[in-house]
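**Q** Put chain B on the given structure of chain A with help from the hints.
If you're matching them up, the sequences are chains A and B in order. Number 15 in numbering that gives the first Met the number 0 belongs to position 16 of the first sequence; there are no gaps in the numbering. Number 53 in numbering that gives the first Met the number 0 belongs to position 54 of the second sequence; there are no gaps in the numbering.
If you're looking for bench data, these hints aren't it; they were derived computationally from the structure. A virtual CB, placed ideally from N, CA and C, is assigned to each residue, including glycine. There may be inaccurate statements among the hints.
So the derived label-pair ranges between C-beta atoms look like this [said to hold, decoys possible]: (1) A:G107 x B:K46: 50 to 60 Å; (2) B:R99 x A:K246: 48 to 58 Å; (3) B:E105 x A:T63: 27 to 37 Å; (4) B:V229 x A:S64: 48 to 58 Å; (5) B:P44 x A:A9: 50 to 60 Å; (6) B:A100 x A:R104: 24 to 34 Å; (7) A:G277 x B:T42: 45 to 55 Å; (8) B:Q10 x A:P275: 53 to 63 Å.
Protein chains: 2
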Amino acid sequence: MKSGLAGRLAQLGRAVEGRLPQLVPPAAERPESVHRAMLYALTSPGKRLRPILTLVVAELFGQTSPVVLDLACAVEMVHASSLVLDDLPCMDDASLRRGRATTHREFGEDVALLASFGLLNRAFALVAACGQRLQLRRYGTEDMVHHLAAAIGSGGLIGGQALDLESRPEDLDLERLEYIHSHKTGALFLAAGELGAMAADARRRNLEMISRYAKNLGLAFQISDDLLDVLATSEETGKDSHQDDDKVTFVKLLGVEGAQHLAEELLAFAVESLEPLGRKAEPLRQLALFVGQRGH
Amino acid sequence: MKSGLAGRLAQLGRAVEGRLPQLVPPAAERPESVHRAMLYALTSPGKRLRPILTLVVAELFGQTSPVVLDLACAVEMVHASSLVLDDLPCMDDASLRRGRATTHREFGEDVALLASFGLLNRAFALVAACGQRLQLRRYGTEDMVHHLAAAIGSGGLIGGQALDLESRPEDLDLERLEYIHSHKTGALFLAAGELGAMAADARRRNLEMISRYAKNLGLAFQISDDLLDVLATSEETGKDSHQDDDKVTFVKLLGVEGAQHLAEELLAFAVESLEPLGRKAEPLRQLALFVGQRGH
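Isolated chain A (complex conformation):
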């Protein structure tokens, strides 16, 4: 990555991390346990790629209002909420996440569950408040809430997780795996990009362009995660070492090189859809490059 852009992305990540704790209730306030768990889940180390996407897209279309930072943080809240849920004993039963104990291991299942609901709830309140504060011409608060809900619902996180849970390893072919991960990961990347474009009051055709880019970027990102799980140690990924051993992954279906090739293809699609934007889409091209380098 060009050092200027790498620096800019890191700067955006730090802005998100500085703002996140200010957007949830103080840990000292009742119910303390749930508030501490919300903060724990939300501030555990992460790449913040989804909120960075929101910020980069909004900036691309000329929106520099500080409200976009809150909108980006709402996207990260939904992501953190879904991670808490996915890690629960009745789901993936994970003990380690982002280098720390998973939220239910640290706070108990009941508190983790309430924290996950709390983060989702907070995200919706925040998106609605941002929609109101931005006062856009083309998009209303309802559009923003609608796009976020679509990323979470049956066509998004929930739909992908459900199919993941009900799939036996022998049922999983490439088509089904793509379905699962375009929902589990792709849908929230999509919303992250769309919210950024909406926040900038982007024209409909630009919004669609960003949608295509973000969806493909998200799926490529998931494949790079699978690759990292095989190629890196748990110290590097911050997850349970070789947690995917029992899981069907893109790497298992396609091999390391096949998975790398698929990720590259998706990223090429992603970048292609930015063509009409010309040079100003450069930060998004660099973001795609960054995702591509993760799985190598």
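**A** This is chain B only, laid out in the frame that chain A set:
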């Protein structure tokens, strides 16, 4: 209850029950398991008192748009979502609810959890859509989403459930029990009333009047539930028989007569706050009367 009003409330309940299944994804659509669980949780028999409150309040202030029915259904979705959550093994570990197996007993914990998230998600999308469709002068979509989120968050359902979980029986005095239930039950009644008033573009002072009424009605309703658990059989309540045996309830702290007295006091407060509305508040007085009769 006067037979005319009783009939009207029953009619509103049926309208809600007719509309609810139309507002969630079809059970035949992917992911089928989650969609069936959402429908199961949402359509299990219930009194529909919260959505009825939304409808009655909106009508009181002259709003008869069919959009209010969808808004009322969103409130019921939040309620159903919270019941699924509360019944989980790591929470109250209940097996029976509204006369049927609890959602996780019927569909498994993982699917129940996704259904609960799905209902919450759908409720937010629906409230935002209703706000948009109603095009009000005094209240925006953001206000409606904000009031719903407040009823769900740390000052509402989540806050009440958290304190309930962390309280040892010996810690529970009347103050703490009131705190828990004004959050677990009162907050969503509050939002139900407020959304009804907002939907009718009611003046701020009328909104506040409804808030006071709904909060007190909700807490009285919870006490009447405690009373029913002692006075009625599980066949009548549809819950685990004497499920509250290990729990601190208003009845245990105050005795049957003391609890009945507290409920009556709260309902008197509720009705008092309607004074300035005169005769047109009659349906809300009858609703209070109905709640009062439950615990006798």
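**Q** For every hint, state whether the structure bears it out.
**A** Hints versus structure:
At about 32 Å, the beta-carbon gap between A:G107 and B:K46 misses the expected band of 50 to 60 Å. Checked against the given bound of 48 to 58 Å, the beta carbons of B:R99 and A:K246, roughly 34 Å apart, lie outside it. Take B:E105 and A:T63: their Cβ atoms lie about 51 Å apart, and the range 27 to 37 Å is violated. Between B:V229 and A:S64, the C-beta spacing of about 56 Å keeps the proposed range 48 to 58 Å intact.
Checked against the given bound of 50 to 60 Å, the beta carbons of B:P44 and A:A9, roughly 55 Å apart, stay inside it. The hinted window of 24 to 34 Å between B:A100 and A:R104 holds, with their beta carbons roughly 29 Å apart. Checked against the given bound of 45 to 55 Å, the beta carbons of A:G277 and B:T42, roughly 53 Å apart, stay inside it. Hint check: B:Q10 to A:P275, Cβ distance near 55 Å, so the stated range 53 to 63 Å holds.
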